[in-house]
Amino acid sequence: MLGPVILAASRSDRMRRLISAAPVTKQVVDRFIPGETVDEIVPIVRELTDRGLELTMDVVGEDITTPEQAEAARDAYLALIERLRTLELGTRAEMSVKLSMFGQALPGGHELALANVRPVVEAAAAIGTTVTLDAEDHTTLDSMFAIHEELRKDFPQTGCVIQAYLFRTEADARRLAGAGSRVRLVKGAYKEPAEVAYQQKHEIDKAYVRVLRILMEG
71 MLGPVILAAS RSDRMRRLIS AAPVTKQVVD RFIPGETVDE IVPIVRELTD
121 RGLELTMDVV GEDITTPEQA EAARDAYLAL IERLRTLELG TRAEMSVKLS
171 MFGQALPGGH ELALANVRPV VEAAAAIGTT VTLDAEDHTT LDSMFAIHEE
221 LRKDFPQTGC VIQAYLFRTE ADARRLAGAG SRVRLVKGAY KEPAEVAYQQ
271 KHEIDKAYVR VLRILMEG
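Numbering-wise, this note's numbering puts 242 at position 172 of the sequence shown, and it's gapless, one number per residue.
Note that these hints are calculated values from the structure, not bench results. Hints should not be assumed to be uniformly reliable.
To be verified - As a list, the in silico DSSO-like pairs of lysine-lysine whose alpha-carbon atoms are at most 27 Å apart:
| no. | residue 1 | residue 2 |
| --- | --- | --- |
| 1 | Lys257 | Lys271 |
| 2 | Lys261 | Lys276 |
| 3 | Lys276 | Lys257 |
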């Protein structure tokens with residue numbers, strides 16, 4: 071239940087309001103989406119880092135349908151990074167980004183997403199933190215990995231996410247498991263067809279272990 075709830079809440083303001091109002095799901099959403107503005111988030115970041123924790127932040131919002139919305143998403147990340155800089159929190163909190171927020175699904179989306187995410191990665195590096203590219207549904211991954219490779223030429227600490235339940239992931243892990251590579255392994259939360267992904271929990275668990283071993287051996 072957790073994955074679909076968070077994905078739905080992150081993609082739609084209306085859905086987030088509905089989910090947040092339901093007692094069954096409100097606690098889940100509040101745990102992972104603790105605020106809707108930079109002013110709401112910063113005290114939480116401060117509290118968690120004061121407890122010795124390190125964290126990653128993801129700006130969420132409506133599905134992107136125009137280049138202007140993609141640029142607004144970029145600017146939201148830049149504003150968050152600037153606030154972290156002024157509070158000297160940059161080294162304790164990294165950024166996670168979904169390239170769909172930067173226009174990846176629009177016409178010419180690969181180039182648009184790269185152009186929008188690059189200044190975010192650059193700004194993050196300037197305050198001593200990093201950016202990790204989230205994995206979305208399987209149709210977007212070739213573009214995501216290509217953007218990741220391009221960004222690493224100038225910002226080698228740029229990370230990416232791989233999803234254990236996809237059949238392709240073991241091969242992706244072997245390619246990424248080199249020195250200096252930053253990879254976050256997750257099980258996967260998107261509803262993927264049986265042609266590209268394991269469907270049963272025990273299959274996904276086994277795939278997770280196999281991929282983890284590949285990464286650790288690398």
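Quiz item: When the hints from earlier in the document are held up against this structure, which numbers fail?
Solution: Hints that this structure does not satisfy do not exist here, as all of them hold.
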